[in-house]
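Start from the sequences and build out the full structure, keeping to the hints where you can.
The primary structure of each chain is shown beneath.
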Amino acid sequence: MGDSIVRALDGVSFEIHKGEFCAIVGTSGSGKSTLLNMLAGLERPTKGEVIINGSHIEKLKEDELVRFRRENVGFIFQSFHLIGTMNALENVALPLVFRGETPKVRLQKADRMLNMVGLSRHKKHMPNQMSGGQQQRVGVARALVADPAIIFADEPTGNLDSHTSEDVMRLMRKVVQEQGKTLVMVTHDDHLAEYADRVFHIIDGKIVKIDVNTPEICDGGERI
Amino acid sequence: MRWSDLLRMSAGSLKRRKLRAFLTILGVVIGTASIVVMISLGLGLQQSMYEQMELDGGTTGLTVTGKSDGGMMYSYSIGTGSEEESEKYITDETIKELKMLDHVKSADPVLNYSALALKGKYEGYIQLYGMTPEAMESLNLKLEPGGRLPDPDSPELELLFGNMVLVDFYEKGTGKGYWETGELPDIDLQKDKLFVILDQDSYFQTQETPAMGDSGVDNGGEGGSENTVKTPKKYVLGACGVIAGGPDTYNANSYNVLCDIYKLKEYLQKEFRGRAIPGQPTTQSGKPYGQFVYSSASLQADDMENVEELAQTIRSLGYDVYTNVEYINGMKKTLGMVQAVLGGIGAVSLLVAAIGIANTMMMAIYERTKEIGVMKVIGCSLKNIRQLFLLEAAFIGFIGGIAGNVLSLVISAVINVLVPGESLWGTEGNISYIPVWLMLASMGFAVLVGMAAGYFPAVRAMKLSPLAAIRNE
Numbered sequence: 001m002g003d004s005i006v007r008a009l010d011g012v013s014f015e016i017h018k019g020e021f022c023a024i025v026g027t028s029g030s031g032k033s034t035l036l037n038m039l040a041g042l043e044r045p046t047k048g049e050v051i052i053n054g055s056h057i058e059k060l061k062e063d064e065l066v067r068f069r070r071e072n073v074g075f076i077f078q079s080f081h082l083i084g085t086m087n088a089l090e091n092v093a094l095p096l097v098f099r100g101e102t103p104k105v106r107l108q109k110a111d112r113m114l115n116m117v118g119l120s121r122h123k124k125h126m127p128n129q130m131s132g133g134q135q136q137r138v139g140v141a142r143a144l145v146a147d148p149a150i151i152f153a154d155e156p157t158g159n160l161d162s163h164t165s166e167d168v169m170r171l172m173r174k175v176v177q178e179q180g181k182t183l184v185m186v187t188h189d190d191h192l193a194e195y196a197d198r199v200f201h202i203i204d205g206k207i208v209k210i211d212v213n214t215p216e217i218c219d220g221g222e223r224i
Numbered sequence: 001m002r003w004s005d006l007l008r009m010s011a012g013s014l015k016r017r018k019l020r021a022f023l024t025i026l027g028v029v030i031g032t033a034s035i036v037v038m039i040s041l042g043l044g045l046q047q048s049m050y051e052q053m054e055l056d057g058g059t060t061g062l063t064v065t066g067k068s069d070g071g072m073m074y075s076y077s078i079g080t081g082s083e084e085e086s087e088k089y090i091t092d093e094t095i096k097e098l099k100m101l102d103h104v105k106s107a108d109p110v111l112n113y114s115a116l117a118l119k120g121k122y123e124g125y126i127q128l129y130g131m132t133p134e135a136m137e138s139l140n141l142k143l144e145p146g147g148r149l150p151d152p153d154s155p156e157l158e159l160l161f162g163n164m165v166l167v168d169f170y171e172k173g174t175g176k177g178y179w180e181t182g183e184l185p186d187i188d189l190q191k192d193k194l195f196v197i198l199d200q201d202s203y204f205q206t207q208e209t210p211a212m213g214d215s216g217v218d219n220g221g222e223g224g225s226e227n228t229v230k231t232p233k234k235y236v237l238g239a240c241g242v243i244a245g246g247p248d249t250y251n252a253n254s255y256n257v258l259c260d261i262y263k264l265k266e267y268l269q270k271e272f273r274g275r276a277i278p279g280q281p282t283t284q285s286g287k288p289y290g291q292f293v294y295s296s297a298s299l300q301a302d303d304m305e306n307v308e309e310l311a312q313t314i315r316s317l318g319y320d321v322y323t324n325v326e327y328i329n330g331m332k333k334t335l336g337m338v339q340a341v342l343g344g345i346g347a348v349s350l351l352v353a354a355i356g357i358a359n360t361m362m363m364a365i366y367e368r369t370k371e372i373g374v375m376k377v378i379g380c381s382l383k384n385i386r387q388l389f390l391l392e393a394a395f396i397g398f399i400g401g402i403a404g405n406v407l408s409l410v411i412s413a414v415i416n417v418l419v420p421g422e423s424l425w426g427t428e429g430n431i432s433y434i435p436v437w438l439m440l441a442s443m444g445f446a447v448l449v450g451m452a453a454g455y456f457p458a459v460r461a462m463k464l465s466p467l468a469a470i471r472n473e
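Same order as they appear, the protein sequences are chains Z and C.
Residues in the first sequence are numbered from 1 upward in steps of one, following my numbering.
Residues in the second sequence are numbered from 1 upward in steps of one, following my numbering.
The hints are simulated quantities; they were obtained by calculation from the structure and are not laboratory data.
The structure displayed is predicted, hence computed values, not measured ones.
Backbone N, C-alpha and C define an ideal beta-carbon position, used for all residues, glycine too.
Incorrect hints may have been included.
[What the hints assert, rightly or not] Cut-off 35 Å, straight-line C-alpha distance, at most; resulting in silico cross-link-like pairs (DSBU-like, lysine-lysine):
no., chain 1, residue 1, chain 2, residue 2
1, C, 142, C, 99
2, C, 96, C, 265
3, Z, 206, C, 463
4, C, 18, Z, 123
5, C, 463, Z, 47
6, C, 370, Z, 174
[Said to hold, decoys possible] Far from chain Z by the CB rule (all over 10 Å, computed), these chain C residues:
no., residue
7, 106
8, 200
9, 315
Encoded structure:
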């Protein structure tokens, strides 16, 4: 550091449309994770604006951000981040707990989600009793259970082997298509990025290339 | 988040590190127990003092006595300008006057009279304590089986003996009594009749000059003239009851002999016809007043709160007033200090426990940094995070408070069994007393201490950056 100014992101401007599956691809240190954190409101940009569904994320206070995430955002982590003391079902139901849903309703919803991600036989398993792929499926179910408009995924397959990675990617793809969710995924794997509708290539904080895999009709929504 | 979920989650977090939670709670247990036990000692002291007060006439009682200005030099009459008098006596008028005051539940005259009692080779001074039947009833005396209160309609003066009256009797020849011999005189107060001499002065004068006529049992003293010493009458009086208890169990009336006040007055007036009754105020020439004067008036206030006010009112009327409450209030300050010091000693250990809680909570937050971050990212509000940790700390305080109270009940019971109260304060009663409010207050305090200790860690957890928390290691 010292006197030199490092710009993790520099002059990035793009729009993501509703129901789109976007991938942000870049090498380590390219600024892709920072970009995702800013989109999700975990980190504030020094300059510029993040507008999701008409509201300025960068201007929200922290408790407003939490509320925003609770109502609009699902998150899938690289290392799953399931709560170790809760079983699969409880982990999936957790976002609903924060929303103040009754135990009956939230367990029902969580149950449905686990069925959808194909873990109907592992509902009572604790995270440490499940494989990485299974844990990430739980993670996907947790991100989806509150029915958010956008899902952010930070290297969702980073801790998985290639075969399981394909499974998880297919699952996410399926969700986006079936439920019309917007999915923003960060990855360093060009191959996995092929699942996305659009791929943003980012190098040293700048978007250098946007690939469009499948042309789709855009109907507005988010703009960065 | 729902309260039930908050409670469940924070209780669940405690269970994760059972040993650590146990040790932290143990600190609170010891802290709470030391506070409760310490304060219970102070309360036990207070309690036994109150019990003592209860024996001595209760907390709502006032004793009003007349005021005399040294000698009895001034003329006294009830009818004319008694307001200017510096002397006040308790007469029937006074009783009526006192009854009219606010907050007075009852006002009864009391007549004290010391008499000599003879039985076989024993003699002793007895304190006759004349009371109205209602006042006697309100004392709630416990009598030996077979006893009853004096009957005001009985033709004779009926006596109700205190359980320690016989202690004051002694053998005529040797002058030895209970304190010397360790044996009570061979008198059955329930059945035996006593000779009671009201006019002691005359009795001793006739004893010294035996020539002055035969001290006839029932009809003596009737032929005396103004100039010779009148032979006192010996009244044969029987007991109607004895207050329950042995020679060692003290209560307010142990040394007294209770009787009906109007009967006693009648007897005295008959005995001292034309002369001044000892203890009664006299005119300058030694003549008695027209009004009969009682020793004191015993008042019951309607509530303990009003006793002091009432005492002030009566003082302003010119009477002397003694109340237990005023004594208690004086003692309360001292006791309050004792309790504060004892509680303070206990509080030190709870303070140490609070540091333990803070430490445990800080550890828990470092341990769960990642989890807190994840919870924030998936939508747990900052308020809920803070509540979760505050509740966890409060749980430690709460469980510790309950266990601490259980422990202090055990300790208190052990203390009370091992050290009987009598040996310490001189009265019966437990030296450690834990009222319900103390248990509730100490539990509340433990919870409060837990939350106070957990507040800083909880705020810290709330402020944790979710980004730092979930960053991949």
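For each hint, the structure was consulted:
1. Restraint check for residue 142/C and residue 99/C: satisfied, since their Cα atoms lie roughly 28 Å apart, inside the 35 Å limit.
2. Between the alpha carbons of residue 96/C and residue 265/C the distance comes to roughly 18 Å, so the proposed pair stays at or under 35 Å and holds.
3. With a C-alpha separation of about 31 Å, the suggested pair residue 206/Z and residue 463/C falls inside the 35 Å cut-off, and the hint holds.
4. For the hint pairing residue 18/C with residue 123/Z, the CA-to-CA distance comes to about 26 Å; that is within 35 Å, so the pair holds.
5. Taking the CA atoms of residue 463/C and residue 47/Z, the gap is about 23 Å. The hint holds against a cut of 35 Å.
6. Using a Cα cut-off of 35 Å, the hinted pair residue 370/C and residue 174/Z holds, with the two alpha carbons roughly 30 Å apart.
7. Here residue 106/C stays apart from chain Z, with its beta-carbon at least about 62 Å from theirs, past the 10 Å limit.
8. With a cut of 10 Å on Cβ distances, residue 200/C stays outside the contact zone with chain Z, its closest approach being about 88 Å.
9. The Cβ of residue 315/C lies farther than 10 Å from every Cβ of chain Z, with a closest approach of about 65 Å, so its non-interface assignment holds.
Of the numbered hints listed earlier, not one is contradicted by the structure.
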